[in-house]
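Q: Sequence:
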Amino acid sequence: MGDRARRTPLSALRDLLAGPVLPAARGLLGCEISAGGVTVRITEVEAYAGTDGDPASHAYRGRTARNAVMFGPAGFLYVYFTYGMHWCANVVTGVEGEASAVLLRAGLVVGGADLARERRRSTVERDLARGPARLCQALGVDRTAYGADLLAPDSPVRLSPPVTPVPDSLVAAGPRVGVTGALDREWRFWIDGDPTVSAYRRHVPRKRAQ
DNA sequence: TGATGGATTACA
DNA sequence: GTAATCCATCAA
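End of the first sequence sits at 602 in the working numbering; the numbers just go up one at a time, nothing left out.
Mixed in with the good hints there might be a few duds.
Label pairs and their in silico Cβ distance ranges [claimed, not checked]: (1) 404 with 488: 15 to 25 Å; (2) 575 with 415: 16 to 26 Å; (3) 447 with 593: 14 to 24 Å; (4) 535 with 512: 31 to 41 Å; (5) 399 with 572: 37 to 47 Å; (6) 475 with 555: 15 to 25 Å; (7) 489 with 561: 14 to 24 Å; (8) 454 with 587: 38 to 48 Å; (9) 563 with 399: 34 to 44 Å; (10) 454 with 513: 32 to 42 Å.
In case anyone wonders, no lab produced these hints; they're calculated from the structure. C-beta atoms are modelled at their ideal positions from N, C-alpha and C, and glycine is treated no differently.
Take these sequences, add in the hints, and give me the full structure.
A: Right under this line is the structure:
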């Protein structure tokens with residue numbers, strides 16, 4: 393019975409996601425997400441707290457139909473539509489009711505590259521899943537993937553532990569992209585030097601300065 | 001009910 | 001630099 397203490401990587405991932413959002417975000421680096429016949433190795437993520445003092449979080453103002461899945465248990469997919477044309481995907485983390493989540497910002501297509509290229513305009517390998525909306529497009533993720541159980545074997549969107557763990561020495565952190573406030577929070581994590589990580593761009597207001 | 005701007009991307 | 005273009009949120 394001694395080896396029962398040894399956890400499988402999958403249950404370790406389940407525990408990680410059920411914990412605090414920052415370690416969960418860090419731990420998602422190197423994980424693989426599969427959907428629509430395409431597999432992506434995650435290279436860049438961003439953490440978002442729930443109702444607990446994070447104005448940038450979609451759950452900041454409480455539960456709505458759009459963010460409902462964020463308030464459920466960890467390991468489910470929160471998909472949202474933005475800028476009138478793009479889908480972005482998050483992994484729900486923490487305990488039920490906490491509503492924290494991790495945005496999947498970028499990754500490397502490691503399986504089903506042909507399918508990914510069909511869905512994306514660009515055929516440049518590096519750009520197939522470089523950016524949160526591109527990543528979703530490569531995976532074919534849209535509103536139909538909302539609420540998918542990422543750790544269930546029969547789910548349309550699945551998450552699996554890293555094939556090779558990402559060492560701490562390769563993990564970099566900085567402020568979140570496209571977020572106006574909370575620049576002091578370095579809640580974006582990426583694999584340092586990885587070419588599929590998106591370039592940091594300061595948030596630009598769309599209206600001209602007057 | 002109308003205004004506003006967004007966890008973005010592609011292109012000039 | 002700006003257009004594309006739906007939707008959640010907020011003021012009235």
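Q: Is the hinted range of 31 to 41 Å satisfied by the C-beta distance from residue 535 to residue 512?
A: The hinted range 31 to 41 Å is violated for residue 535 and residue 512, with Cβ atoms some 19 Å apart.
Q: Is it true that residue 399 and residue 572 lie within 37 to 47 Å of each other by Cβ?
A: 40 Å, holds
Q: Could you see if the CB distance from residue 489 to residue 561 stays within 14 to 24 Å?
A: 35 Å, violated
Q: Kindly confirm whether 32 to 42 Å is satisfied by the beta carbon distance between residue 454 and residue 513.
A: 37 Å, holds
Q: Return holds or violated for the Cβ distance of residue 447 and residue 593 against the range 14 to 24 Å.
A: 20 Å, holds
Q: Is 15 to 25 Å a correct range for the gap between the Cβ atoms of residue 475 and residue 555?
A: For residue 475 and residue 555 the Cβ distance comes to about 33 Å; the hint is violated.
Q: Take the C-beta atom of residue 575 and the C-beta atom of residue 415, compute their distance, and say whether it sits inside 16 to 26 Å.
A: 22 Å, holds
Q: Starting from the range 34 to 44 Å, see whether the pair residue 563 and residue 399 falls in it by beta-carbon distance.
A: For residue 563 and residue 399 the Cβ distance comes to about 22 Å; the hint is violated.
Q: For residue 404 and residue 488, compare the CB-CB distance with the range 15 to 25 Å and indicate the outcome.
A: 20 Å, holds
Q: With 38 to 48 Å as the target window, see if residue 454 and residue 587 comply at their CB atoms.
A: Holds, at about 39 Å.
The structure shown violates the earlier hints numbered 4, 6, 7 and 9.
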